[in-house]
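Peer 1: In case you want the letters, here they are:
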Amino acid sequence: MRTVYLDNNATTQVASEVFEAMIPYFLHLYGNPSSMHSFGGQVAAKIQEAREEVAALIGASAEEIIFTSCGTESDNSAVRSALASNPDKRHIVTSRVEHPAIKVLSSQLAKQGYSVTELPVDAEGHLDMDIYKKSLTKDTAIVSLMWANNETGVIFPVEEAAEIARDRKIPFHTDAVQAVGKIPINMSKNQIDMLSISGHKLHAPKGIGVLYVRRGTKFSPFLIGGHQENERRGGTENTPVIIGLGKACEMARINMEIENTKVKTLRDRLESELLDRIPDSRVNGDRLMRLPNTTNISFEGVEGEAILLMMNEFGICASSGSACTSGSLQPSHVLRAMGVPFTMAHGSIRFSLSIYNTDEDIDLVIEKLPPIIENLRKMSPCWKAGLNSC
Amino acid sequence: MWNYTEKVKDHFLNPRNVGELENPDGVADVGSIACGDMLKLTFKLDENKRIKDAKFKTFGCASAIAAASALTEMIKGMTVEEAEELTNKDIANYLGGLPEAKMHCSVLGRQALEKAIQYYKGIPVEKPEEKIICECFGVTDHEIDRAVRENNLQTVEDVTNYTKAGGGCGNCHDAIQEIIDRVRSEEQPYKKPRLTNIEKIKLIEETIEREIRPMLKHDGGDIELIDVIGNRVLVAKRGSCALCSASEQTMKNVVEPKLRELVSPDLTVEEVPQ
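Residue numbers (the working numbering), protein chains in the order written: chain V, 1 to 390; chain B, 391 to 664.
Read the hints as simulated data drawn from the structure, not as lab findings. Don't take every hint at face value.
[What the hints assert, rightly or not] Simulated crosslink set (SDA-like; lysine to any residue; CA at most 25 angstroms straight-line):
hint, chain 1, residue 1, chain 2, residue 2
1, B, Lys-445, V, Cys-382
2, V, Lys-378, B, Asp-443
3, B, Lys-592, B, Arg-536
[As the list claims (entries may be wrong)] From chain B, some residues computed to sit far from chain V (all C-beta separations above 10 angstroms):
hint, residue
4, Val-408
5, Pro-414
6, Glu-490
7, Lys-554
Ideal Cβ positions, reconstructed from N, Cα and C, are used throughout, including at glycine.
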């Protein structure tokens, strides 16, 4: 059975060019980049090239790039660094729709005595910038707001938010894991102090992340014990995968246009066809200020896990914000924060595309999903044809 | 991805008895949309008061659908009295087991059956003495108590897996723990330990007499058992042991290992002044 992979916000296929670029560094070019001999030194040179590729993708300088193990490490490092660098300040500003890497960290910090403001979002998934401005105080040590939401794709105006924070001399971090490679980012034109990237969301392997730290930003390392990454992240470099990430960033720079043309067109067709063919369905989140590859659609009266497993029978991969798939008993915190009714939140499906998707992929979903929803609705005790009593 | 058994997958992809019976003898609606699963069960009896037909409608995940499908298959042909004996474990076992975090699907099935039987018998469903413990999922003390007893649940997390109680805001975790503690304290009959104290002391005496003393006597030494406090064996040195500087080594390397081997691995040997 062919796999139709529409879960690219969860993880992506490693590009074959990326894989090819890594192979020598798994095999014979295994030297330690910190070594004095040229056998290791040649690897260090290649890592520097990768660093420059990552920097080029986001309009940064190579020395502002720190390689980490994943987006979660980058997020944790950024927040903890800001707190360690401003020990007198005890307030954190974030939002109710952050990825768990920030959300769980800030809840834990709240238990340790920090005060945390989780900014609300409206029904479209947007922040209220007035509430944001009012939340900033003299005691605020860090603002962390995601660039684009992983579940809905909704984009926050982080550049504007960073300027507001800069005026108040508050460090600003953004989790840009879903945004990098999909929308243009130019760090030389904004005031963001720290930014997190994850390799496996842009066709590099899992196990590699980046924390961008603007030149001049105070930084306190999370992992200590080695001089690597200019003393900002100890631990021997994951050399082959860093080199793979460099290749992936080089490709992302070129493919960004495809993301915003071909991928966006496929996404829009998928979305509008499903809404047309399936009554009582709706898109969650603003459809304009949104990543080009993501759509989050709720089908009323059915439960997401059941939809996913039925699609799985046809090789279609997606994800859901239902309780049964969120790892807890409540539906997605993002949809709840947006005030999506429970009847809709339980039946939400996220499709996230990549440059590798085709028209045939979309055709299959458009063909298979409507009867799946219809069958599940027939089975539902609160669903009457044409008369929704859920 | 959940690790569902083949039987769960089969009942999910090919659910049996979907629908609603007209003029049912038993009917129940349990769960709610907000909680993420709902089940409507209907059954009809034949002239011998056996369940002739049963149908279900479910809003919920794969295991909720499979558990309801399994339930309808299981109760067909049962008398009402037999059906009353059905537990959530029976439903889970019928499906070859459910993931721990999905056990609440089997509990929902059992609740529907119980309520449908109450409907048939004309028993009022609301029990006034029940108290809502979990506000997020509307779970009562009675339901938690029952799940703890029937499934031998030990932790708040277990209770959440089986009833959803405590899976939301978490404010009721203390109240759930109290119910677990109460049930556990009621349910602890005296269990004879492997060794009673009396047996242990006897065995220590015998071991010293039969195994240890002959070894020590060989070198002109001896020990005497003074007391046993818990797993502490208190002994005093006699004979040449009392004078021997290596006797401490003898205690740790000979006496203690022998007692641990032959009586209990938890024992420690201590020397007390003579």
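Peer 1: Regarding the pair Lys-592(B) and Arg-536(B), is the alpha-carbon distance no greater than 25 angstroms?
Peer 2: violated (43 angstroms)
Peer 1: Is Lys-378(V) within 25 angstroms of Asp-443(B), Cα to Cα?
Peer 2: holds (19 angstroms)
Peer 1: Say whether it holds or is violated: Glu-490(B) keeps its Cβ farther than 10 angstroms from all Cβ of chain V.
Peer 2: holds (13 angstroms)
Peer 1: Any Cβ of chain V at or closer than 10 angstroms to Pro-414(B), or is the non-interface label fine?
Peer 2: holds (13 angstroms)
Peer 1: Beyond 10 angstroms on every Cβ pair: is that true for Lys-554(B) relative to chain V?
Peer 2: Non-interface label fails for Lys-554(B): nearest chain V Cβ at 5 angstroms, not farther than 10 angstroms.
Peer 1: With d taken as the least Cβ-Cβ distance between Val-408(B) and chain V, does d exceed 10 angstroms?
Peer 2: violated (5 angstroms)
Peer 1: Starting from Lys-445(B), check that the Cα of Cys-382(V) is at most 25 angstroms away, please.
Peer 2: Distance of about 15 angstroms is within 25 angstroms: holds.
Hints 3, 4 and 7, counting from the list given before, are not met by this structure.
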